[in-house]
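Peer 1: The primary structure of each chain is shown beneath.
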Amino acid sequence: MTGTEPMTGTEPVTGTEPVTGTEPVTGTPPLSATAPPFLEVRDLVVDRADRRILTVDTLTIRAGETLAIVGPNGAGKSTLLLALAGLLRPTRGSILVEGVPLLPGRELAYRRRIGLVLPAPLLLSTSVYGNVAAGLRFRGVPPAEIRRRVELWLDRLSIAHLRDRPASQLSSGEAQRASLARALVLEPQLLLLDEPFVSLDAATRAQLLDDFERIGVGVPMTRILVTHHLHEAIRLGDRLAVLLDGRIRQVDVPERVQAAPIDEEVAAVMGTAERVRGRVVASADGLVVVDTGAGSGVDVEERAQRMLARARGEDVAGRDASGDGGGPPAGA
Amino acid sequence: MSSDLVEITLLSLAVSGAATLVSLLVGLPIGTWLALSRFRSRRVVLSVVNTGMALPPVVVGLFVALLLWRSGVLGGLGLMYTPGAMVIAEVVIATPVVVGLTAAGLGQLDPRLQLQLQGLGASRWQTTWWLWREARLSLLAAVMAAFGSVISEVGAAMMVGGNIAGQTRVLTTSIVLETGRGEFGNAIVLGLVLLALAFMVNGVLTWAQQRGPRR
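So the sequence lines, in the order shown, correspond to chains A and B. According to our numbering, the first sequence is numbered sequentially starting from 56. According to our numbering, the second sequence is numbered sequentially starting from 1441.
Each hint should be verified, as a subset may be incorrect.
What the hints assert, rightly or not - So the derived list for chain A, only partly shown, Cβ under 7 Å to chain B, looks like this:
#, residue
1, Val-100
2, Tyr-165
3, Arg-167
4, Leu-171
5, Gly-190
6, Val-196
7, Leu-299
Said to hold, decoys possible - A short list of chain A residues far from chain B (calculated; beta carbon distances all over 10 Å):
#, residue
8, Asp-105
9, Ser-180
10, Arg-237
11, Arg-260
12, Gln-262
13, Asp-266
14, Glu-319
15, Gly-326
16, Asp-340
Derived from the structure by calculation, the hints contain no laboratory data. Built from N, CA and C at the ideal position, the CB exists for glycine as well.
Full structure from sequences and hints, please.
Peer 2: In structure tokens:
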């Protein structure tokens, strides 16, 4: 929209569906909504070099759910994940595992109930089989059981043919599959994934994402996924936690966080921050016409003559100042 | 000469081997701790260790001699002018080499590897073992450097061993003696034996270093 002429007409703007911060959105509640908590975080604070990098007042991860933690780089996502993995001792605060506090010095027993996948495959310089078997060997699982489980998970991740290959000879996609198999073979109660697909090209990532989703079906496992790819978070997460500047700003089902971000910064993370400043020029039947100077946006909250419109691109229709109508406004 | 040569060579090998072994037992844990822990004065300690890698053997010999001398702190042990005294001095020379190269080798690994191993349920010992395994090229280089520094060392061996025939005479001190006497032929033979010994030991270590799957 290029014109600056204010829209004065009363004709309805077509194709708009207002979104508010207060309107309830019918999101599907996660299957695990009634499950008991697996992890509870209370007043968790992590300082590094006299700087506070993480503050989590409260966070509950229910058994069987997938919690996706999203946020920009440097928000503290990986720090939170490492703290939840018992690999980073917080400055203060507590983590309860099935109601029992995770005490300093007792982390090993807890770490043997979890699986961890980091952004890089970090494979050991041994065969694929040796890598996938590593965690089971740490736990002292009998060799026959190790062989059965490793072969099962190599097969599930479609890398059975690479069984005896040195890890150094794998492609990045194969290496990340081996890394996932290495965590999944543990059949952990809690699987912690830190950007597990970030090092992959788009095609490999899509394929692995499909496989990962398929494998997850019917496996009773609580998952925490850290990602800055919103579509991954929405696709895999039963709930989303938006982390900004070391604080969790909103936790809810993806649909609700997307439709009703708690503030502008969360909206920016959720990609719903096509903001257009404007002035309400007309209002009828719950529909508000806003003059933005550069285009037209919509918001049902008519709090003042001047306002900030917030809407997702697909919910906004604009009209060119020339009067042709239709189509989303420029910048929306 | 030939029976002497065998005796001297075996003593060289025994003293250097024992010193290398002890320096590994002491240096490997310290180097690992330095590489994996984070504390304020870590850089200062690393600088001290790296300086220690260049310790002049005669200075080490001097201080060990002062300790082991009859009136010294450890004089009561009666170790002066024994192979034991030579092992002590050479451990002092080789340990900083092992500590420094172990810390450097482990420091080159991806720092997330430790987290990944722990995240897979590895205990502290299992984590350390696998990190050593991943850094084995550097660790074997540390063993070679430690052995090299003690097998070729002459100053400390002379000062605390005394170059006593049949007791503390090793290849390097013999070369000094023979050269001093103008017996260059003997000195050259001893020199060749020393080189052959170093070559054999390092050959075995290099073979161990290079076998197995590479990273």
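Peer 1: Could you check the structure against the hints above and give me the numbers of any it violates, in ascending order?
Peer 2: Hint check: 1, 2, 6, 7, 9, 10 fail, others pass.
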